[in-house]
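Asks: Read off the chains here:
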Amino acid sequence: MSSDKPSSNPKSPAPSVINRRNFIKGVGGALASTAALGAAMSPAVEFVTDITWEEFFQQHYKELSAQDKKKIFERIRRQMKEDYGAENPSVSDPLPLQGVEFGYALNLSKCIGCRGCVQACVEENNQDRATGMEYIRVVAFQKGTMNLEESDHDYDPALVPEPDKVYMPIQCHQCRNAPCVKVCPVEATWQEEDGVVVVDYDWCIGCRYCEAACPYWARRFNFSKPEIPKGEINERVGYLSNRPRSQGSMEKCTFCLHRTRKGRYPACLEACPTGSRKFGNLLDPESEVSKVIQNKRVFVLKEELNTQPRFYYYFD
Amino acid sequence: MKQYAVFCLRAIGQIFSGSGIYFVWLTLLSVLVICGAYAYATQLAQGLAVTGMSDQVSWGVYIANFTFLVGMAAAAVMMVIPAYLYDNKDLKDVVLLGELLAIACIIMCIAFVTVDVGRPDRLWHMLPGIGKFHFPQSMLAWDVIALSGYLLLNAHICGYNVYCRYLGYTPKARYYIPFIFISIVWAISIHTVTAFLYNGLGGRPFWNSAIVAPRFLASAFAAGPGFLILTLQLIRKYANFPVKDGAIDTLRKIITIAMIINLFLLGCEVFKEFYTDSAHLASARYLFLGLHGYSGLVPWIWSAIFLNVSATVILLIPRLFTNVNWLNLACCMAFVGIWVEKGMGLIIPAFIPTPLGEVLEYSPSWVEVLVSLGIWALGFLIYTFFLKMVIPIYKGELRLVRETTT
Chain A
1 MSSDKPSSNP KSPAPSVINR RNFIKGVGGA LASTAALGAA MSPAVEFVTD ITWEEFFQQH
61 YKELSAQDKK KIFERIRRQM KEDYGAENPS VSDPLPLQGV EFGYALNLSK CIGCRGCVQA
121 CVEENNQDRA TGMEYIRVVA FQKGTMNLEE SDHDYDPALV PEPDKVYMPI QCHQCRNAPC
181 VKVCPVEATW QEEDGVVVVD YDWCIGCRYC EAACPYWARR FNFSKPEIPK GEINERVGYL
241 SNRPRSQGSM EKCTFCLHRT RKGRYPACLE ACPTGSRKFG NLLDPESEVS KVIQNKRVFV
301 LKEELNTQPR FYYYFD
Chain Y
1001 MKQYAVFCLR AIGQIFSGSG IYFVWLTLLS VLVICGAYAY ATQLAQGLAV TGMSDQVSWG
1061 VYIANFTFLV GMAAAAVMMV IPAYLYDNKD LKDVVLLGEL LAIACIIMCI AFVTVDVGRP
1121 DRLWHMLPGI GKFHFPQSML AWDVIALSGY LLLNAHICGY NVYCRYLGYT PKARYYIPFI
1181 FISIVWAISI HTVTAFLYNG LGGRPFWNSA IVAPRFLASA FAAGPGFLIL TLQLIRKYAN
1241 FPVKDGAIDT LRKIITIAMI INLFLLGCEV FKEFYTDSAH LASARYLFLG LHGYSGLVPW
1301 IWSAIFLNVS ATVILLIPRL FTNVNWLNLA CCMAFVGIWV EKGMGLIIPA FIPTPLGEVL
1361 EYSPSWVEVL VSLGIWALGF LIYTFFLKMV IPIYKGELRL VRETTT
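For the protein sequence lines, the chains are A and Y, in the order given.
So for the first sequence, my numbering puts the first residue at 1; every next one is plus one.
So for the second sequence, my numbering puts the first residue at 1001; every next one is plus one.
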């Protein structure tokens, strides 16, 4: 090693392994590497400078005051105009209604697999068009089986309904015992009073643990900044539902809470040409969905996992 | 306090000086780190879309490496237990090198998780008190505690011992032995919690098996000591550090047993999946045989099994394992074999097919490869620096100068 140059100073510390010229070279190398490292990181500058302090320090949804919300809504409106060419966006935050627990029932005897619900959902909820993100996945089973592992995800919608097929649309089941909520390390996703599982898009760290945990493959991740062509953005947005999401955060179906909490149906239901979809208040025995549960033989998907979905399937 | 600052400065000073090979090694690692940094900066700007991951396969090589490295960190315990519980003198001389490896591995783990999240700027949301730390519900929150606790424990144990050596004192047992015992339990816990992260998910039948944690530990206790056997020989050769053959021999015995247990557990898993032959077999079928014409992972897993079985055979034949070249070959094979089995073989197939039965294959993009290589290089760099600082202190070349000698 470098102890070949014994120090002339007798008081010098124990045989040093450091030799000065070598040391200076080492420091020089370290400085050069640091500079190169800085240069290599330069593509990230935009990512860092795009985040304002206000956004960086924004609190969890449940901690926001009315004042905070007002400011944030204003920011969202501005961003919708700048990024997506929205003309007069409105941001609302409808709260869960008292005495309401939403439920969904889907009639598999009637569904023809047209995927109209999928398209309506994308348009309503401002999903990313570049990657073709969709909340609803419609699968086709050969008659005689309902084994998902044998299901067809790529059937041709122009040919539906094919006589030997059964179609099953699958979206977030708003589970009572939701695995996604349990696993989130930062409480960025939770269940609201009316049963809807929501995501605070500004709090999510993007670890995708919830996506791994969901047995219904109902969560979607923004691998890049969502793209929505000008003129296609839905300007009526809810804070916890269809407002534009940021790159790197998770999203999912919210039963269109910005509509349903105001007494309207979810977009997927309105788009369904066959009336296969029934939506309503599970706590109201007179609601459509309650009637279906009382009068039809309903089942839930993957009941053995004890997720206790609020999304029911039935045949009639 | 001033004395401690001088100690730190002198120790850090060590890393700026060394032989030609040392600087070549540093240059190589720095280049890899810088390439990785560039790739990561690109990923930050454009999002995780530049990786091979998708909504279907939402975790890839980052999480695979993370899992493997948690095991490497935990494996330090395989030196600590013989050294402190069985008072194995040969290992006690070098146990610090294992603990330092654990620190480097934990830093790499943290790096791999950080590059995997979509919003690293929001990681502060995990801080208890300031953010919202979802403890005890989320296993990821448990993992944060497990990993940071293990990092602190080892940092204290190493820091205290090294500083005492520098001062010329014998380390006082009460200041570090209790932490050694905590660290033994803690090491087991970090890998157990990491296994629970996966096997607690009912929606992923491939992971939802009670055998995941024991498998993780067994494979870690083979790969970790395997790496250490190779490292100890390098340190003996290049740093003139006295590493006794007894230390290497003890580690060899540990690897042999761990490899056998690991293969046994793998066999148990394969039997359960294939003999049951239920619908939940799909992921295992995809991994070992291919599914619906997709077979991206088949060559990987069979290579891993070949490497692991061969390594085990070498380790069981005295004529081979007493030859250092064969021993080193076995260690390399075990290390690579377990990396593949645990990374590509355990993380990825759980996503294929998706819970809805769709098959979309995954292979890492160049960005992921470069970022991963960069983090590995960073880990090697950190471990090299640790060794560079600590070895002269252990050899007595770097120590406190006492004024009394005048």
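Hints listed in this document are in silico derivations from the structure and should not be mistaken for laboratory results.
Check before you lean on any hint, since a few could be wrong.
List of simulated lysine-lysine pairs, PhoX-like, C-alpha gap at most 25 Å [stated by the list, open to error]:
1. A/K296 / A/K182
2. Y/K1002 / Y/K1395
3. A/K25 / A/K165
4. A/K25 / Y/K1388
5. Y/K1272 / A/K302
6. Y/K1244 / Y/K1092
Asks: Now tell me, hint by hint, if it's right for this structure.
Replies: So, going through the hints one by one against the coordinates:
{"no.": "1", "hint": "A/K296 / A/K182", "in the structure": "violated (32 Å)"}
{"no.": "2", "hint": "Y/K1002 / Y/K1395", "in the structure": "holds (23 Å)"}
{"no.": "3", "hint": "A/K25 / A/K165", "in the structure": "violated (73 Å)"}
{"no.": "4", "hint": "A/K25 / Y/K1388", "in the structure": "holds (16 Å)"}
{"no.": "5", "hint": "Y/K1272 / A/K302", "in the structure": "holds (21 Å)"}
{"no.": "6", "hint": "Y/K1244 / Y/K1092", "in the structure": "holds (10 Å)"}
Checked against the numbered hints above, the structure breaks hints 1, 3 and satisfies the rest.
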